[in-house]
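Peer 1: Following the hints, complete the assembly by docking chains E, D and U onto the known chain R.
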Amino acid sequence: MIDKRVKDADEAVRDIADNSTLMIGGFGLCGIPENTISALLKKGVKGLTCISNNAGVDDFGIGLLLKTRQVKKMISSYVGENEEFERQLLHGELEVELIPQGTLAERCRAGGAGIPAFFTPAGVGTEVAEGKETRVFNGKTYLMEQWLRADFSIVKAWKGDHSGNLMYRGTARNFNPMMATAGSITIAEVEELVPVGELNPNEIHTPGIFVHRIFQGKNYEKRIEQRTLTKI
Amino acid sequence: MIDKRVKDADEAVRDIADNSTLMIGGFGLCGIPENTISALLKKGVKGLTCISNNAGVDDFGIGLLLKTRQVKKMISSYVGENEEFERQLLHGELEVELIPQGTLAERCRAGGAGIPAFFTPAGVGTEVAEGKETRVFNGKTYLMEQWLRADFSIVKAWKGDHSGNLMYRGTARNFNPMMATAGSITIAEVEELVPVGELNPNEIHTPGIFVHRIFQGKNYEKRIEQRTLTKI
Amino acid sequence: MLDKIGIAKRIAQEVKNGMYINLGIGIPTLVANYIPKNINVVLQSENGLLGIGPFPKENEVDADLINAGKQTVTMMPGSALFSSADSFGMIRSGKVDLTILGAMEVSENGDIANWKVPGKMVKGMGGAMDLVASAKNIIVAMQHCSKDGASKLLTKCTLPITGLKCVKKIVSDMAVLDILPQGGFKLLERAPGVSVEQIKNATQGKLIIEGEISEMNI
Amino acid sequence: MLDKIGIAKRIAQEVKNGMYINLGIGIPTLVANYIPKNINVVLQSENGLLGIGPFPKENEVDADLINAGKQTVTMMPGSALFSSADSFGMIRSGKVDLTILGAMEVSENGDIANWKVPGKMVKGMGGAMDLVASAKNIIVAMQHCSKDGASKLLTKCTLPITGLKCVKKIVSDMAVLDILPQGGFKLLERAPGVSVEQIKNATQGKLIIEGEISEMNI
Chain R
1 MIDKRVKDAD
11 EAVRDIADNS
21 TLMIGGFGLC
31 GIPENTISAL
41 LKKGVKGLTC
51 ISNNAGVDDF
61 GIGLLLKTRQ
71 VKKMISSYVG
81 ENEEFERQLL
91 HGELEVELIP
101 QGTLAERCRA
111 GGAGIPAFFT
121 PAGVGTEVAE
131 GKETRVFNGK
141 TYLMEQWLRA
151 DFSIVKAWKG
161 DHSGNLMYRG
171 TARNFNPMMA
181 TAGSITIAEV
191 EELVPVGELN
201 PNEIHTPGIF
211 VHRIFQGKNY
221 EKRIEQRTLT
231 KI
Chain E
1 MIDKRVKDAD
11 EAVRDIADNS
21 TLMIGGFGLC
31 GIPENTISAL
41 LKKGVKGLTC
51 ISNNAGVDDF
61 GIGLLLKTRQ
71 VKKMISSYVG
81 ENEEFERQLL
91 HGELEVELIP
101 QGTLAERCRA
111 GGAGIPAFFT
121 PAGVGTEVAE
131 GKETRVFNGK
141 TYLMEQWLRA
151 DFSIVKAWKG
161 DHSGNLMYRG
171 TARNFNPMMA
181 TAGSITIAEV
191 EELVPVGELN
201 PNEIHTPGIF
211 VHRIFQGKNY
221 EKRIEQRTLT
231 KI
Chain D
1 MLDKIGIAKR
11 IAQEVKNGMY
21 INLGIGIPTL
31 VANYIPKNIN
41 VVLQSENGLL
51 GIGPFPKENE
61 VDADLINAGK
71 QTVTMMPGSA
81 LFSSADSFGM
91 IRSGKVDLTI
101 LGAMEVSENG
111 DIANWKVPGK
121 MVKGMGGAMD
131 LVASAKNIIV
141 AMQHCSKDGA
151 SKLLTKCTLP
161 ITGLKCVKKI
171 VSDMAVLDIL
181 PQGGFKLLER
191 APGVSVEQIK
201 NATQGKLIIE
211 GEISEMNI
Chain U
1 MLDKIGIAKR
11 IAQEVKNGMY
21 INLGIGIPTL
31 VANYIPKNIN
41 VVLQSENGLL
51 GIGPFPKENE
61 VDADLINAGK
71 QTVTMMPGSA
81 LFSSADSFGM
91 IRSGKVDLTI
101 LGAMEVSENG
111 DIANWKVPGK
121 MVKGMGGAMD
131 LVASAKNIIV
141 AMQHCSKDGA
151 SKLLTKCTLP
161 ITGLKCVKKI
171 VSDMAVLDIL
181 PQGGFKLLER
191 APGVSVEQIK
201 NATQGKLIIE
211 GEISEMNI
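Chains as they are written, first to last, in my numbering: chain R, 1 to 232; chain E, 1 to 232; chain D, 1 to 218; chain U, 1 to 218.
Excised from the complex, chain R in its bound form:
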């Protein structure tokens, strides 16, 4: 067993330098690494390129790092729900690269699976295809897309063990498993950190080989963006 534990989020982000490329897990505010985002805020690291499906909201998630101008570029599929983001974008203070969600997921997966490029139909005939190679297979046109990798991948899981094995819960899984595979260094924060042997090997979503640092997060807010109740 290889012990991947670090004390806390501050220790986990100790060597994240200015201008790093980060992958940050989550869909909306669901399954985001709250503790590590706070540590990045505290550390004040700047010029970040963040690969994340969304950009948080004004006062939570990646939105916090936008407010402090720590982010140079966002690579995302959807960046609504964030006024500060909109302001910075319109003023040319922030770069944004928009990628179809499935392509984003697959590019992260490719990065972690050693596949430098693959073909997908998403975006054919749209501005996403501009400058990209297209090719016909079985009569259908596809775009060639390249892998994405990151200096640091930051993911949030439900349970993890000391050797970095992770299990996610519900739809908080989303982008976390692929991003976990695509970081030169992968940092995982978990709601519950357990000794090795306590997770069922059949139920592990991310094998520990992909995780370099793990710690138990605290004070999870797990904010809900659209609290929608059944009308009965």
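Treat the hints as calculated values from the structure; they're not laboratory data.
Even for Gly, the Cβ is constructed at its ideal location relative to N, Cα and C.
Certain hints may be false.
As the list claims (entries may be wrong) - In silico contact screen, one side only, chain D against chain R (beta carbon under 7 Å); selected entries: (1) 48; (2) 49; (3) 57; (4) 84; (5) 88; (6) 121; (7) 125; (8) 130; (9) 161; (10) 164.
Unchecked claim - BS3-like mimics (lysine-lysine), calculated; alpha carbons at most 27 Å apart, straight line: (11) D:186 <-> D:4; (12) D:4 <-> D:37; (13) U:136 <-> E:140; (14) E:67 <-> U:120; (15) E:73 <-> U:169; (16) R:222 <-> R:67; (17) R:7 <-> R:43; (18) R:231 <-> D:16; (19) D:147 <-> D:9; (20) D:169 <-> E:7; (21) D:116 <-> R:67; (22) E:46 <-> U:123.
Peer 2: Coordinates of chains E, D and U only, in the frame set by chain R:
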């Protein structure tokens, strides 16, 4: 809930015609669909192209279908441990296409993920690369490989529910999850078939959307190829 | 003219037993409410859930369980959870039988535009481009005309495209129309109180009318 | 001259704390027995297991738990199971720190041939081509010469290639050698009782000898 249950293996293979392409899960004799292979034997369907990592042994697994001359072509990564196979191959009675194991796994995964082609480093500079496009990414050479899909994918899982959700056990998972995604029709046999709601949604390996027919297998032999014990 | 609920109710009639369905944000999400109880379908959410259940009761709310519109949801018995890569894998490989989404414009050859308006803040395409590029069957829920009366069913889309030749059917506030493989909006049904003439006037692209056009039954 | 166990013992000295390791079939599998207890490593099996444990006792045998050589195995605390696609994903993306495998021939620029002998029944490459194409560090366990005395450390491989420029180190029955980035077998250690002269005679490819060559310590 969509009910995918069929009565047994015979009903599951009812419309598998001569000259079909089948994916058959398993690594060696571990995690192979024993009941469905028996049903194919009984049905006597011929001219099969079998995509499977291995070809079984003389009297078990796909080896049984080789003995009855039901297989026209094997697409595999390793086909040792089978004398009848060797005899047919040397006499030109059987076609064989050998593919690096990781490429085979990824081509099945691509087939089920709608990715018609991808690049991999495996086989560059070898005879596997003959006739294939190569390309350099980040200074390293890769081969372009295309997806594999099948008329029928036949997989074996540990537990499954009526709607086709599957869980595998141990290393009997191997090729089964990718093959399950890549069949026009996917047949799953399971050791334990349970009503919907009994499997934890977090622990499902193959979502039921990929499975068209499911049944509870019986009389599993689960033969061991190399029974190796610790020497104490 | 149909309101949003009317459009959702009419689309619900297109749902067949045994379908796996992806519902977009907005009107498409409402469709789930009008699928008859005797029809078994499974709703897919591209953020990683098969088997979306009703919105939760107060005590069932779970921050780890949302749909693609970021609304809290529940799961049905038989639900399965998976990653975003696996989710779009099943979408790209055509395992989702029906995709229902909104549109700003549709062209007579089935092109769709629904992600970007030049001059406005671009929020992104989310999963729309993946869905329209791969779906076997796409039904679009949309307004027939913009607020200033301009048709949104066009010869050619004017807005940036989301996907080419992919829309199979449109349910608008005025009509149900198929998009024919050779091109053209084939009028199938009128909304209650809407005349064929009104639909003609509201459709800029090639409209095909054959025989009597009956009123929708919703 | 080393026997198989000697080669395995010498390779075990290359194993460092914290490594993830893939062991090929044959001698490489034996290496696991000689890794010092105070060194923590995790063994990867390409059929879908991280954390291979010892072979089972009679009552622990589980048909659902085998290694890539199809031998029954056990799991260690902290083990994880996954599919073959995920397994080769971690191999291709360089997450495995050390790969140890056998070879029929190695060339002075690090090419390896270990899957096919012309004229003999071809059983297949299994996972070898994937492993050698992606591994960060490959150590080969092999016999220095064939049974008829022909060198297997060559200027150029004569057998069909498994992978190009990938082998970093060789532990043979006669010697330990690095393969230099610019090409050439650099002699590091002699097996007990083997002279530099014998190694020279047994090595057809470019052999580099600098200074005193000490005997292995195993």
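Peer 1: A separate judgement is required for each hint: does it hold in the structure or not?
Peer 2: Do the hints match the structure? See the list:
no. : hint            : verdict
1   : 48              : holds (5 Å)
2   : 49              : holds (5 Å)
3   : 57              : holds (6 Å)
4   : 84              : holds (4 Å)
5   : 88              : holds (3 Å)
6   : 121             : holds (5 Å)
7   : 125             : holds (5 Å)
8   : 130             : holds (3 Å)
9   : 161             : holds (5 Å)
10  : 164             : holds (4 Å)
11  : D:186 <-> D:4   : holds (22 Å)
12  : D:4 <-> D:37    : holds (21 Å)
13  : U:136 <-> E:140 : holds (13 Å)
14  : E:67 <-> U:120  : holds (22 Å)
15  : E:73 <-> U:169  : violated (38 Å)
16  : R:222 <-> R:67  : holds (20 Å)
17  : R:7 <-> R:43    : holds (16 Å)
18  : R:231 <-> D:16  : holds (26 Å)
19  : D:147 <-> D:9   : holds (23 Å)
20  : D:169 <-> E:7   : violated (37 Å)
21  : D:116 <-> R:67  : holds (25 Å)
22  : E:46 <-> U:123  : holds (24 Å)
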